[in-house]
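*Asks:* Chain by chain, the residues run as shown.
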Amino acid sequence: MNIAGQLPYILIAMMASLCIYAILFKSNLFKKMLAIFLLTDAVNLLYIVQGYRSGNSIPPIIPPGMDPSEFASLAVDPLAHYFVVTAVVIGLAEVATLTALTIYTYRHYGTIETRKIKELRG
Amino acid sequence: MSLKDSIIGISFVALMTAILIYAFLGYPEVGFVRPLGEFYLYNTFNFNEQGWWSASPNAVTGVLWDYRGYDTLYETMVFYVGIVAIALFFEKESSLRRTSGMTVIVRATTKLVFVFILTSAMAITIFSVKTPGGGFQGGSIMAIAYIAIIIALSRGFLPELRMDLSKAHLIKIFGLILIFSLTVIPVAYSLASGTVAYALQNQPKPWSEFGYPTFLGLYSLSGGMVIPIQVGELVHVGMGFTIMFLILTEREGKKELGGKRS
Amino acid sequence: MMELIVNLLLASCVMLTAAIVYTKDLLLAVVLSGAEGVMVAVIFYLLLAPDIALVQVAAGVGISTAFFIVGLRKLRRHEE
Amino acid sequence: MNVLFFQAPILAMLLALMGSFGCIIVGLFSGRRAVEWFTGILTAVSLVLSALAVVNVFFLDEPYVYMMGGWPPPVGIPYVIDRYSAPLALVVSAIFFATMVYSVRYIERDRDVKWYYSLRFLMQAGMYGLLFSGDMFHIFVMLELMGLSAILLVPFRKEVKASVEAGIKYGIYDILAISIYYLCTAMIFGMFGTMTVAEIAAKLGGYVSPFSGGIFANTAALPVIIALIVWSFTIGSAVVPQHFWLPDAHSMAPSSISAILSGLLVQVNIAVLARILFDGFAAGSYPGNEIGLHALLILGAISSVIGAAFMLVQSDIKRLIAYSTIANLGLIAMGFGLGTIQGASASYLHIINHAFVKAALFMIAGVFIHATGSREISSLKGISKVLPGTSLLYTIGTLAAIGFPPLSMFWSKLLLLFSVLSAGGSYQYVVVPMALTIVLESIAQIRLLAVIYSGEKRSVNCRPSYPVIASVGMMIGIIVITGLMPSLLFELGGLAASDLLNIDSYIDLVLKSLNYPP
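Chains as they are written, first to last, in my numbering: chain C, 1 to 122; chain U, 1001 to 1262; chain G, 2001 to 2080; chain V, 3001 to 3518.
Honestly, I wouldn't trust all of these hints.
Quick list of simulated restraints, FRET-style, between CB atoms [what the hints assert, rightly or not]:
id : chain 1 : residue 1 : chain 2 : residue 2 : range
1  : G       : 2005      : U       : 1014      : 45 to 51 Å
2  : V       : 3505      : G       : 2028      : 44 to 50 Å
3  : G       : 2042      : U       : 1108      : 32 to 38 Å
Listed next, the in silico PhoX-like pairs over lysine-lysine satisfying Cα-Cα at most 20 Å (straight line) [to be verified]:
id : chain 1 : residue 1 : chain 2 : residue 2
4  : G       : 2074      : C       : 116
5  : U       : 1167      : U       : 1111
6  : C       : 26        : U       : 1167
7  : U       : 1092      : G       : 2074
8  : V       : 3457      : V       : 3512
9  : G       : 2024      : G       : 2074
10 : G       : 2024      : U       : 1004
11 : V       : 3385      : V       : 3457
12 : U       : 1167      : U       : 1092
13 : C       : 26        : G       : 2024
14 : C       : 116       : C       : 26
15 : C       : 116       : G       : 2024
These aren't lab readings, by the way, just hints derived from the structure by calculation.
C-beta: ideal position from N, C-alpha, C; glycine also.
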């Protein structure tokens, strides 16, 4: 085990836990929404970090004339990049949905603090 | 924030971090590519292994619309749900009225910049098989052109560019129809010919003969169906963001809500 | 060297996240999240992911921040 | 192999996708009748297509893998069409068809129907995808599709304060669950280097894939990943202690949506969780991975008792039915948590039966609420004198829900009890919460029936129209007919559970789906 080599994982774990804390315990709906967005960012970082190749690496776009097997031994992981593209788009859709609902909650209740919204029974 | 909240917060974050770090301690050090990634890199533009290729030099684009295209199709639909969210909650019967009072120079400059941004969005999309980019990136940039006009000038400038809400909806759905028809054409081929072909199949394979044509002679155009489907994505995403911002920046009337404010 | 820069950027992302969670001013939180998005984009670029960096700049920073600000205009600026 | 049968499940899914934007075009150019006809025809065709898939898998051919884009499993996304997923997809299609017929008159006073039908179609496509998918990341995308459209349909009547609040509560927690699942996919990617469910199980057994290699991290971290996945899916399927969003969301949604949410959405979540735990993490055979099953068993036991106990104190008919959903999901989780083939087959049958019963109950509750204009149970007094037919249907549905022989849920509850008793060891003590749940639920439901049949004749606002009765009748008919054929049900459950629990055959099916080179 090597702490320095795993430092990115540890930092990402802290970021993800902070976001999960904010979603669960913060009372403000807008803050919860921001935390959801940042949690997606944290996991995106985890993917990209895992797909990185140290040393003399190149982006996953084949330069003209390069041999595929040489390219495969040089470039970084395209699969991880793919997952992140998908997740960013999905994150925006989540934000749009939650923004719409939050604004409507504010119009109905005049507040977006979940502590103060106690219309329904538990 | 009270003391009790702080203690709960710090202990929760510490606990959660400890659990995650415990999981990550068994992970390998950062800095190597897993074999599946190398498989995509090796095969994506390999003329010697044409049964396994996606004909796209950009491996991310190849994974995006060929190897895992079905994921991306539904990711597009998730984005569509996001547009529906805004449209369902805020769309009202309102028309965009043309604004007046801007000088000819402002109009001309804006149109010029607008055309420039639109062209670059188009380029990012079409050349995504060669360079970084793609339908989503291009669509976002196209939307930024519209959003900049909405925020910096006014919503009323959009009719000047022959754009309004229902037209944006129609163009967006046109993009979706393009994506959808490219998805079902292999299935329709399979039903018509009685052979096996799979949804969203791009290139012919030894076990399944259907394939979209690939143009490799024209230097930059390749990837079979990847480019047209990216154009569909560009239109869908660009118009989707435009619709969202058109609806959201609308001035709020006083009497719009039946419910009372408490 | 590059690992060091990436780790530093990641650490500042953690700090920014903590600040976003802590602050009571929602507009400040939005601005900070925009800054965080820029840092994430820089990390993506340094880790040789130009595709993702482009998505992150266009969507993760530009459009989402605009979205948050437009949404926040219809809400109250401060947390209670 | 017939090509139409081969493509049928995917065609059903693509039709649902087409419907989602087709509705908007039809809505832009013509009126709501056209939208309804369009939706109805597409839903009916997808019902036929998923029936074809079931026929194919059971009678004509073996289970098979549909390789999306033509790519074999670790490279592309496999759709596993087997005897576990195909019948559930047929249930999804049937309930969507019934609620479609029901919606025509039920939401006729609402505006924006085109968005309503569009979101319904997307939810349907998401459910098909979740049931068939054999890829962890695809499950994430589909959870997002199903979840977001459900979150938007709950506050569809956005003028109602409480429904918007239920929507945002459901939204925050469901999206939290999906985000945690996304974190899990990243950890799985780092550990296994693949997203295919079957390959994860194979690699735990020592397999080295020609495409994606072996395992890259210490498997000591696996219990953490499994715990996070169970956490995420138990939020989605409302197992105690994460059940609090369900009564609000399911009671505040329009009744046609409540039927889908309560009958399908939560149970699709738990079916997918069973798929991941049994086939992905090889819960039965790999040591250390039973943690997920134990969590399901314990949480399920607590969940069922609490859900049934809360049923006793409800005064709102839809909340009562929603709490009954929590109790029944607890029973299903307990059945899967046993880890035996009897338990899995009992839970599987309970999922199917409960789906039809709960959909029927919510649909009739919607009729009652329209008729009396109130959601209170006390205001239902005397309704049986005015609406005798509807009340009779409701009685049959309730009797099925409490497990009255020979209706369908009797058999699955019986099988659940048997499976617990035959599991041996300390597992058999689980029979206590199970029996307690069944008794408490029966008391609450029978009290509701007693209210309906008491009181004097009263006036009602409106009577149910023909399509509404037809759709409810379809559901009740299915309940009665399946209850009369227990041997067929048992056989179906046994086949599905063997497909679910037999990890080796699942791995063979998925990883050897491409016979090239032969």
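*Asks:* It remains to establish, for every hint, whether it holds in the given structure.
*Replies:* A quick look at each hint next to the structure:
1. G:2005 x U:1014: 45 to 51 Å: 27 Å, violated
2. V:3505 x G:2028: 44 to 50 Å: 57 Å, violated
3. G:2042 x U:1108: 32 to 38 Å: Holds, since residue 2042 of chain G and residue 1108 of chain U (Cβ atoms, about 36 Å apart) stay within the stated range.
4. G:2074 x C:116: 19 Å, holds
5. U:1167 x U:1111: Given that 20 Å is the threshold and the Cα spacing comes to 19 Å, the pair holds.
6. C:26 x U:1167: 41 Å, violated
7. U:1092 x G:2074: 16 Å, holds
8. V:3457 x V:3512: 66 Å, violated
9. G:2024 x G:2074: 17 Å, holds
10. G:2024 x U:1004: Between residue 2024 of chain G and residue 1004 of chain U the Cα gap is close to 17 Å, so the pair holds against 20 Å.
11. V:3385 x V:3457: 5 Å, holds
12. U:1167 x U:1092: Given pair residue 1167 of chain U, residue 1092 of chain U holds - Cα atoms ~15 Å apart, limit 20 Å.
13. C:26 x G:2024: 11 Å, holds
14. C:116 x C:26: 13 Å, holds
15. C:116 x G:2024: Since the Cα atoms of residue 116 of chain C and residue 2024 of chain G sit roughly 17 Å apart, the hinted pair holds (cutoff 20 Å).
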